[in-house]
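Q: Chains as they are written, first to last, in our numbering: chain A, 878 to 987; chain B, 992 to 1107.
It is worth saying that the hints were derived from the structure and are not from the lab. Treat the hints with caution; some may be incorrect.
[Stated by the list, open to error] List time: in silico DSS-like cross-link candidates among lysine-lysine, alpha-carbon distance up to 27 Å: (1) Lys919/A with Lys1002/B; (2) Lys1006/B with Lys1053/B; (3) Lys878/A with Lys1002/B; (4) Lys1069/B with Lys919/A; (5) Lys1069/B with Lys1053/B; (6) Lys945/A with Lys878/A; (7) Lys1006/B with Lys1062/B; (8) Lys1002/B with Lys1062/B; (9) Lys1069/B with Lys1006/B; (10) Lys1002/B with Lys1069/B; (11) Lys1006/B with Lys919/A.
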Amino acid sequence: KQEVTQIPAALSVPEGENLVLNCSFTDSAIYNLQWFRQDPGKGLTSLLLIQSSQREQTSGRLNASLDKSSGRSTLYIAASQPGDSATYLCAVNTGNQFYFGTGTSLTVIP
Amino acid sequence: EAEVAQSPRYKITEKSQAVAFWCDPISGHATLYWYRQILGQGPELLVQFQDESVVDDSQLPKDRFSAERLKGVDSTLKIQPAELGDSAMYLCASSLGPGLGQETQYFGPGTRLLVL
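Build the full structure now, drawing on both the sequences and the hints.
A: Shown next, in the form of structure tokens:
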């Protein structure tokens, strides 16, 4: 069974700092990987989706990379803002199942 | 912008009672997912529909949970009887389909269930 791990579980940074969130998975046979953000008590918002054949995807200040062979993905956030404070989750799609990590809770301090 | 709708947003019930959650996906989205998210954990897939057919319900506790999507549009998830351990957020998501470039999932706001 696929296991998805996100480290660190929580992260606190000052506004303006660049940061990296990590996602690792145990089985490299994936179809795609998606990054989400979740605000407290709310649903998930899709940020980026990377196909298994891609190395990275970018959207605004966000850049996600995928190294399927090593079972790792990173989400890079540039010039962090207080509005970026949320929990960030990665989800691995194996083609017939979706596996989520437990998330990284990010706090950006003004 | 089109959104996934869910109701109710909050539900409090007593154990052994029946509860039902409703989801209306984004128009034109053929694939619909129900997830359960326990506080502090990532979502766990309960059931996936492609149009009106169940694609995967391997993680659905079938002795008490049921899900349907009769006309391939909106969907209902039911729990009967509810147990204390069912307290969680129930999330619905939809995507255009399983095909390449169509898999981005869009989530609704969720239904928070508390079983007393």
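Q: Are the hints correct? Go through all of them and say.
A: Taking the hints in turn, this is what the structure says about them:
no. : hint                     : verdict
1   : Lys919/A with Lys1002/B  : holds (15 Å)
2   : Lys1006/B with Lys1053/B : holds (17 Å)
3   : Lys878/A with Lys1002/B  : violated (32 Å)
4   : Lys1069/B with Lys919/A  : holds (21 Å)
5   : Lys1069/B with Lys1053/B : holds (10 Å)
6   : Lys945/A with Lys878/A   : holds (16 Å)
7   : Lys1006/B with Lys1062/B : violated (31 Å)
8   : Lys1002/B with Lys1062/B : holds (25 Å)
9   : Lys1069/B with Lys1006/B : holds (14 Å)
10  : Lys1002/B with Lys1069/B : holds (13 Å)
11  : Lys1006/B with Lys919/A  : holds (25 Å)
Hint check: violations occur at hints 3, 7; the rest are consistent with the structure.
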